[in-house]
Every structure is written in C-alpha cells, then in structure tokens.
Amino acid sequence: MHSSALTRFLRHRMAVLCLGIFILVVLFALLGPFFSPYAPTQKSGGFSAPPDSAHLLGTDKIGRDLLTRLMHGTRISLLVGLSATVISTLIGVVLGLISGYFGGVLDRILMSVTDMVMSFPYILLVLVTAAIFEPGLVTMILILGFVNWPGVTRLVRGNVLSLRETNFIRSDITSGMPRRYILFREILPNTLSPVLVYATSVFALSILDEAALSYLGMGVQPPTPSLGNMLSGAESLSILTGKPWMWLPAGLCIILLVVSINFIGDALRDAMDPRNLA
Amino acid sequence: MPEPLLSVRHLTKTYPARRGQKLIAVNDVSFSIDRGEAFGLVGESGCGKSTIARLIMGLEKADSGEICLDGENLLSLRETQRRPHRPRYQMVFQDAASSLNPRRRVRDLIRDPMVEHHILSGDALNARVDALLSMVGLHPDMAQRYPHEFSGGQKQRLCIARALSLNPELLVLDEPVSALDVSIQAQILNLLRDLQKQLHLTYLFIGHGLGAVRYVCDRIAVMYMGRIMESGDSETLFSSPMHPYTLALADASPSADIRLRGRARIALRGEMEDVPQTGCPLYHRCPAAEEACQTRSTALEEIAPGHWTACRRARLLREETNA
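Listed in order, the protein sequences are those of chains F and L.
The first sequence maps to residues 101 to 378 in the numbering used here.
The second sequence maps to residues 7 to 329 in the numbering used here.
These aren't lab readings, by the way, just hints derived from the structure by calculation.
Wrong hints could be hidden among the right ones.
Below, in silico cross-link-like pairs of lysine to any residue (SDA-like), each with a Cα-Cα straight-line distance of 25 Å or less [said to hold, decoys possible]:
no.	chain 1	residue 1	chain 2	residue 2
1	L	Lys203	L	Ser184
2	L	Lys67	F	Tyr281
3	L	Lys28	L	His290
4	L	Lys67	F	Leu127
5	L	Lys67	F	Leu206
6	L	Lys67	F	Arg279
Just chain F, with the same shape it has in the complex (with noise of 0.2 Å):
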C-alpha cells in the first residue's frame, strides 16, 4: 500500500522536481550559516553595496552581507511554517475529533467557533494583537497557529462523520470496543493523510503570511532576519527599480517555497487519495 502511493507520487514529475526544489532550500538555510564567515546581524561591508566576490548578494543598507541573511531568513520563516502548521493541525486534530465524534451540542459549538474564527479578518487579528503584545517570533508564530486551524477543523470533523458510518466502526461498537481504541486506532489513522495533505497547504499559506506581516513590520522584528522583513526593503521606489539584489533573492525564496510545497501536496492528495487503496 505504502509502496503504491509512493510509486503514484514519483509519477508526478513536477512534484518530484519541486520535492528536490524544497530539499535544496531546505539544505540553503540548515547548512548555509555554516559555511558563511558573516553573522546574520554583523556589519561588513558597505551600504546598499551590489554584489562582489565578498558578498556575493551585496549588503543591504546597513551593510550587513545579504546572503547570510536570507539563509537565516529562509531558517525563521520555515520555522515559523512549520510551527504555525504543528500548532493548527493539532488544534484542528483534536476539535475535529471531538466534534465529529460526540456530536450533539458540543459539534454545534465548536462550528460556530470555527465559523467565527474562519470568518474573521485576521489581519486585524494579528494587528490587533501586536499591538497589544510584543509582535515577535513567538507571538507570530502563535497567531497564525490559531487562525489556521478552522480548516483542520472541518476537514477531520467530515471525515470522522463518514467513517462512524462505516461498518467497521460499528463492528468496533458492537465488539464493545472503548471511545479511545475508536478515536484512536481506527478513526484517527483514516483521518491522517487527508490530513497531511491539508497540512501542506497550511504550511504554504503560513510562509505567505508570515512574510507579509513582517513586510508590514507586525512579525518578526530586525535585527532577526525573516524573508518578510528582508523584502521591506522594496518599500522605496528607488531600491525596488535600482537595486534588485536588496529583495529579489528573498521573494525569489518565498515563491519557490510557496510553490514547491503547494505541488508536493497536490501529489500527495493523489498519492494519497482514498480510492486508490483498494
């Protein structure tokens, strides 16, 4: 089974290529800083200098060498990804559980919650709470979290209301089989591709998100560096049309992430697809 689903996601060559896209970033950021003689917040060259043998993406307009930073960049917004992802998915998980399994009031409550959440602008949200937090690293990284999870929500809800339908939950029912063996070892291992393939979506999304609010200076704060932040840069007219090396690499970054991830998941949803079990 697991062979097959492997084999039907080789089969997708642009979603191999981007697999090997995504590793590579992936590599770029983990192994880079290591090889670079620069910190990510150390001045060492010139302001706003072009691109040299030193610095091989130039310096932004303090001077600090642009290609460490879009390593650590890269670092912080896949950090903030993947985070933001665990944390819906786990929120989402486990309100989607509950909700599609007891039902009743209890379902009736969540999805109201889930459509006022869902419904609601979350840019305000995440304005709304910078301003009354400190906006940073963590605080980002919660915020998205807990906008994300709606759709979790919802996805694992459906699916857990057609499989109590399912013989073999009843069977489970009628074998005397406990809540937690149900939930546990035969609804939630049904629920977890579709799951996993909602999640890349969300990881996707996050990395959109987080780059925009640091763009708007609500994420994550310089000196760190995030692609977000590093893209602010092209809020000037003049480096946005004379000096392309202070934020093209960064969306450059951003758009291979975003895509790479948006194509592994549209091969894992067929990969992983239900009807093709059998």
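Dock chain L against chain F, hints included.
Using the frame of chain F, we list chain L on its own:
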C-alpha cells in the same frame, strides 16, 4: 420450557420523515430465539429487518419495547453497562469490504477485540487467531495480509472470524451473503451451518430471499413494512405458506423444487407504498384483499402449532389456491 436466549417484545422504532410525519420502521415486533436455534427474518428491502438487527446490537435506540438477552433487558442498560455483555452477541454485516479497517493487518483486526476483553494474551492469542482463520476456511499465513488482498467471500470469512473471536452465544447475521457471487454464497452458507453445529451458536439470520434463509434457519419470520406477517418453522413456511405475502415471496424466487412448480402463482401488484393507517399493510398490493382487510386489524394468529400468520383470509386463500 427453557428461557429463550433472545426475546424481542413489542419492539418499535420510528424515524422522522417529510412534513413531520413518522416512518414506522419496526412496528410492534415480537419474537424469541431459543438457545442453539437459527431464526430467520425475511422481507424485501426497507421492511425493517436490518433495523431490528441494529436495534439488538445497540447501534440505534428503540422507541419502545424490550430486547432481552438471557432475561436481561439490553435496552435498559447504558452503553458502559452493556459493554461487558457485548462479547455474548456479535454481528456480521452485509458489506464485508467496509467491515474491515483497510489500514490494519488481519491479525490485528481479529486480535484487538480479544485483547480488549482480556480473553487471551501472549502466544495463546496468536494461536487463537490462527485457529479462528482455519475455522472459517482461511490459511493462518493470511494473518499478515491487509484486507484489500482478499476476495469478497474471504472478507466475509474474516468478518465471521472476528465475530467468533469473542466466543459469542448469539450471532446476528445481517444479509451476510447478499453482496456475494452466487457461487460464493453457497460456500458461506455452508460455513455458517457448520459453525452453528460445531460451536452450538444461536443465529438471527436476516435475508431478503427465502432460499438462503431456509437453508440455514430452523424457524423463519416474514416481515413486511415493519411487521411480522407470518412465522413458523422453515419447512412449514416454505411448503405451506399461509400468508399471501409469503406466497408471493416464495413464488418470486425461482425454485428447483419440482413439487412447487405448477402451483398457482401469486404476484403482488405495484410497489411498497405508504403504510395504510388501519387494517392490513399489504392491502394495496394483495391479490386476495377484500373490503374488510382495509379496516380490520391484523394481529398474528396461531393457525397451526407454532405457525402464526397475520392474514385474516389465510385459511380461505389457501383452500382457493389448492382447489
């Protein structure tokens, strides 16, 4: 007389339907099954026979009535109180394919209920799984496989093995062969018959054709629109049915029995409609219906020892048919 293993009394179940109406799926049904007996419930789709199975298994809540296992009313128990009794009555579903978790190996599927109910542990558990597989005609080596590697008939064998793992006294079989190829049906029916003798099981066998049910069961009840129309031991019911509906059901299934050929056939008109509020539920479709059938109630009546029918014209009709 020994107490029956399962007795169902005045069981009623309704579902909400359109425009605030109620659909009466099971209407005041009573029957009992003795220990070691195979009892069949027959009727067309939607007659309420599977609902009875789900009510007995506690998958749905009954509106009223009693379901007693060994004298204890299951309907008065909460699920947690019911759980220790669960191993005593097990169910086999019609669709074997969806009765097995696709992500788990056969060994785990069969083993888990026994682990949960502390029936066996350690090596004895594995030996028991092997024994169960052999018992239902599968090879013990197959325990390592996943359900999708099995054919339809084999999957149903797996379900039977899983149901038997808890040493049940009563097995509720909800159309266990209806989804299978005809050639496989006979194999499964034979297996069920053998297992019943071997393990002294009590069966509630639900089917929509008389043939399969008659093959396995000692006694049969025929249901129509949530009510029992006729019941009796299977040979009597098959050779001399009294109720027009049973006659029609018997005539609808092709028979190799030469004695039954040439007998006047009874065919029902139309389809199942809304249940008439009064009188006989079959009134609209019955070829033998007369004015009075529309208003007079039809309670089960014992017309021969152990042979009950809900048709007030049964005797008369039978004489006409034979003439």
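Do the hints match the structure? See the list:
Restraint check: the Cα-Cα separation between lysine 203 of chain L and serine 184 of chain L comes to about 22 Å, which is no more than 25 Å; the hinted pair holds. Under the criterion of a C-alpha separation no larger than 25 Å, the hint pairing lysine 67 of chain L with tyrosine 281 of chain F is consistent with the structure, at around 22 Å. For the suggested pair lysine 28 of chain L and histidine 290 of chain L, the alpha carbons sit about 20 Å apart, so the restraint of at most 25 Å is met. For the hint pairing lysine 67 of chain L with leucine 127 of chain F, the CA-to-CA distance comes to about 58 Å; that exceeds 25 Å, so the pair is violated.
Taken as a hint, the lysine 67 of chain L and leucine 206 of chain F pair is honoured in the structure, with Cα atoms around 20 Å apart against an allowance of 25 Å. Using a Cα cut-off of 25 Å, the hinted pair lysine 67 of chain L and arginine 279 of chain F holds, with the two alpha carbons roughly 18 Å apart.
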